[in-house]
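Engineer: Chains as they are written, first to last, in this note's numbering: chain H, 43 to 337; chain Y, 43 to 337; chain B, 43 to 337; chain C, 43 to 337.
Simulated from the structure, these hints should not be mistaken for lab results. Hints may be right or wrong, so weigh each one.
EDC-like mimics (lysine to aspartate or glutamate), calculated; alpha carbons at most 16 Å apart, straight line [what the hints assert, rightly or not]: (1) H:Lys310 x Y:Glu96; (2) H:Lys310 x Y:Glu306; (3) C:Lys310 x B:Glu96; (4) B:Lys310 x C:Glu306; (5) C:Lys310 x B:Glu282; (6) Y:Lys310 x H:Asp190.
The following residues of chain H were derived to be distant from chain C, with all beta-carbon distances above 12 Å [unchecked claim]: (7) Leu107; (8) Glu191; (9) Gly248; (10) Leu271.
Don't be surprised by glycine CBs; every beta carbon is placed ideally from N, CA and C.
4 protein chains.
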Amino acid sequence: MADRVALAALNAMEKAPFVAAIGDVFEHADWVAEAAFRSRPFATVAALHAAMVEAVQAAPAETQLDFIRNHPELGGKLAKAGDLTEASKAEQGSLGLDRLSGEEYTHFEALNSAYKEKFGFPFVICVRRHTRDSVLAQFERRLANAADEERNTALNEIGFITSLRLVAQVEGPGAPKTDGRLSTHVLDNVTGKPARGVEIKLLEIGKSASGLLVETVTNSDGRTDSPLLSGAPLRIGTYELRFYVGGYFKAKAIAAADPPFLSEVPIKFSIAEPEGHYHVPLLITPWSYSTYRGS
Amino acid sequence: MADRVALAALNAMEKAPFVAAIGDVFEHADWVAEAAFRSRPFATVAALHAAMVEAVQAAPAETQLDFIRNHPELGGKLAKAGDLTEASKAEQGSLGLDRLSGEEYTHFEALNSAYKEKFGFPFVICVRRHTRDSVLAQFERRLANAADEERNTALNEIGFITSLRLVAQVEGPGAPKTDGRLSTHVLDNVTGKPARGVEIKLLEIGKSASGLLVETVTNSDGRTDSPLLSGAPLRIGTYELRFYVGGYFKAKAIAAADPPFLSEVPIKFSIAEPEGHYHVPLLITPWSYSTYRGS
Amino acid sequence: MADRVALAALNAMEKAPFVAAIGDVFEHADWVAEAAFRSRPFATVAALHAAMVEAVQAAPAETQLDFIRNHPELGGKLAKAGDLTEASKAEQGSLGLDRLSGEEYTHFEALNSAYKEKFGFPFVICVRRHTRDSVLAQFERRLANAADEERNTALNEIGFITSLRLVAQVEGPGAPKTDGRLSTHVLDNVTGKPARGVEIKLLEIGKSASGLLVETVTNSDGRTDSPLLSGAPLRIGTYELRFYVGGYFKAKAIAAADPPFLSEVPIKFSIAEPEGHYHVPLLITPWSYSTYRGS
Amino acid sequence: MADRVALAALNAMEKAPFVAAIGDVFEHADWVAEAAFRSRPFATVAALHAAMVEAVQAAPAETQLDFIRNHPELGGKLAKAGDLTEASKAEQGSLGLDRLSGEEYTHFEALNSAYKEKFGFPFVICVRRHTRDSVLAQFERRLANAADEERNTALNEIGFITSLRLVAQVEGPGAPKTDGRLSTHVLDNVTGKPARGVEIKLLEIGKSASGLLVETVTNSDGRTDSPLLSGAPLRIGTYELRFYVGGYFKAKAIAAADPPFLSEVPIKFSIAEPEGHYHVPLLITPWSYSTYRGS
């Protein structure tokens, strides 16, 4: 993000460079930046984003629909290199929608067709806030919406998408909150001390497949040196933390059975707030444990 | 077990029918029953078993070795119908050693050969107290034993095997403890009441495969109508309990996130005491849980 | 309770002995037993009680009020030996209302006067279901009731009082549930076993004073040989369980700090359901514990 | 501490002003500062303290004994204004040893006499690291020591005392760790969020009396705005945290019984490490809670 433009610089720009600088934040819709230009100067990046969102909200329904229609289809036929803005490509790629199996591809296509048939615009979702399963769940849920409701839902998703893009392009105070955090902490209740040296894996658990996201080990404070996930929205979906406590207790020579009652402790949980902080600690003995969503 | 012989009847028998009745408890070794016959009458089934075990312990080492050698190999070439006593067949079958994959079969054969080469007798283990993974772990561990140590280990296993057989064949007071129990209990800490209607699965978790053992649901006391496992030794090995609390909280309209933080709670644990009672409860809210080995 | 009358015997009685046998269950109101007599025979003691309650419910309001007026005042001037039935004396005595301090006596008298002034009948409450603090709380709360509401509340209390009396006087199947139970269980999460030998105290915690109710020690199952409270209604009120775990861990040589982080664990809780089962376990290590209302 | 001398300034001083500046850190023993002077310059305040301690360690036993003898008696007859250095007065006063009851005073005097009789020097302890009960416990325990062992114990205590004094008098990098911290955190496991607005009291629990140390309330993060204790050594002794969760759940309209099962949650614990961090959180629902020593 070395070439982010400063908010102060944006505030000082003429209209044309202003639109050139941030027009592509709202896909194929320079008019959004043009409208926001009138509200200069912006005290915060969030205020700039709010002004752009307001420009969309203030537009006639038909303009909003045209705007939505200009977004690429998700994982569908239009998802070919030339048809996606660079930003859209990166977002869809991170989810793995470009690596759908044949069956999944067919299912997404069917949803795409049904959706477009019903609403007349492509399904828009901020994919960086969702796992593949969550995209699918949203797709099926939103198909049941009424037309007006769904137009608002699509604009709301565009709000999330453009927040992320604006934060990536503009440097300045008061950026909208777009990142979440997942952290953990292991406490050994036999010794009353943080558990050091516990191996941990974090997996994304999908319906058809699971993937290893992080592999790490606790430090002397019973935490990981960096959060398990951070610096981006958390993806709505299901995860599993695995704590390999068998090796820990063996190394500490803390008495356990043979084989030990607890060796690998799995904690399966779902994330619903991409911008939230999920602290998922483990309080452990060789014979018991507890966990909770902390803060 | 309709045709179990009564301990009182055994106590009243002449030698020949006594040996005919329980001689096959110790594989191909009527001399064990013959020796035990001298200690009649037996106040308890356990005392009868102890007398038979003592007869083996009192025998010369060479006799003990012959006795051990008369046991069938585990999952090896000799495990063909004709070579196994009926009891041995049932015990090995329950473990799935008759359904080894090609690779597993080869591995077991290699262990069998190495073991027999080193000790001069087949690997004897009370398979009803072990999962397949545990048999394998014991096999590898025992290969490292010294000869005398391993002879005692084999006799000890025969003690477990014959306890089970004797209990199956003789009815009477003071049977040796041969069965274990696994139970659970789900408490809803939001309402302070037992959680009714929580679906539960119990799986055996093997290195190469897992298998569903039980599928049930909690009753109004938060327990299952019958123990998850009982009436037989628990098999040493790894298990997973899965509690489907998402559906429970939804049905009770207890507020949770979307998707809920906790939906399926897996508890992975190992059993080390086949004759023990493992109570593995779950204390739950939509945002936290704890478990422990209870009693 | 050696001289309880059998329900079968009651069912076979003529009216006069029937009324003589259980007439005093409803204070100074033989007409209740007389009315219930018509519904003979009773399959259960609960059915007999229900019939008597129904007789009261079916009576005109003025009769009900007269009936309530015939109950003694609580802890007031009328609570002298001659004015109380033997049963009333025992019930009030168990609460310690006969040992009120001067200040408390004055407060009760003031409440008594205000109550009688407002409702025209004495304050009736099933004192065996309440601690002294709870009686006081009920007194203050019920003073705010409307007249009809309060007449029903009084009759409801008489239902509790008479249940207890009937169960004490009549033997037979289907007795109404009048007793509660308080139990505990201590699990040592360091060893995964029940904690044996933990000293426990149970106290009633009153606003002006506290009293030791039970002093006991856990057995090899981590439980107490008999429930902490049972065989009678639990009194609505506040309690404290004290677990002396410092001595337990010291005796087991389980490492702790000096002085130990946890030595005496107090658990303070209130009972709201006199006929309920309160299981209040303790899961403990030298550095952590948890408790919950179990079942 | 506005007039603390900078370590850099000390490092640049001639001997006389150096000794004048910090000579009184070691009671009536300028020779300690004089000896340490030779090791200038000091990179850290801890290094300066270590040099002073080393000077004492290197002294002949008789010099050490003289040095110890120059310390005031604890709460005894000598504890009159003129006999205490200003620092000693402040330290003893904070414990309340100047407010001993008659009985306690007599007990301390007896211990003082016995101690002085046995060891020939007054009982020295870093009172700022102890509650009154802990001072008494140490007194009784140390009376059983052998003479050499006790001389070392006394010097070790003087190490603690002088660390505190030096940190109070000298400003600079690398100060020895002399302060501890007690903190808490309340998590509401019904909502999965920090519990805001829970009233908390912290008490010191003494054998003969208890005292309220802190009264506070949790903020929106479920923590207290500042640590419960910090900025000084924690005093070895017993404490009780009281969490008034009844009011919290009532305010949040989270269903509970009447009276609520949990209203005031007491957590009683002891502190053994004055320079440690004790985090004592509460995980709570209306029907359950858990606590542990966290970090």
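Engineer: All hints, please: hold or fail.
Structural biologist: Against the structure, the hints come out as follows:
1. For the hint pairing Lys310 of chain H with Glu96 of chain Y, the CA-to-CA distance comes to about 51 Å; that exceeds 16 Å, so the pair is violated.
2. Taking the CA atoms of Lys310 of chain H and Glu306 of chain Y, the gap is about 7 Å. The hint holds against a cut of 16 Å.
3. With a CA separation close to 51 Å, the supplied pair Lys310 of chain C and Glu96 of chain B exceeds the 16 Å bound.
4. Distance hint between Lys310 of chain B and Glu306 of chain C is fulfilled; the C-alpha atoms sit about 7 Å from each other, no more than 16 Å.
5. Between the alpha carbons of Lys310 of chain C and Glu282 of chain B the distance comes to roughly 13 Å, so the proposed pair stays at or under 16 Å and holds.
6. The hinted pair formed by Lys310 of chain Y and Asp190 of chain H fails the criterion: a straight-line CA distance of about 47 Å is larger than 16 Å.
7. Every CB of chain C lies more than 12 Å from the CB of Leu107 of chain H, the least distance being 38 Å, so the non-interface label holds.
8. The Cβ of Glu191 of chain H lies farther than 12 Å from every Cβ of chain C, with a closest approach of about 28 Å, so its non-interface assignment holds.
9. Taking the minimum C-beta to C-beta distance to chain C, about 24 Å, the non-interface status of Gly248 of chain H holds against the 12 Å cut.
10. Even its closest Cβ contact with chain C, about 18 Å, leaves Leu271 of chain H beyond 12 Å, as expected for a residue assigned away from the interface.
Hint compliance for this structure: hints 1, 3, 6 are not met, and every other hint is.
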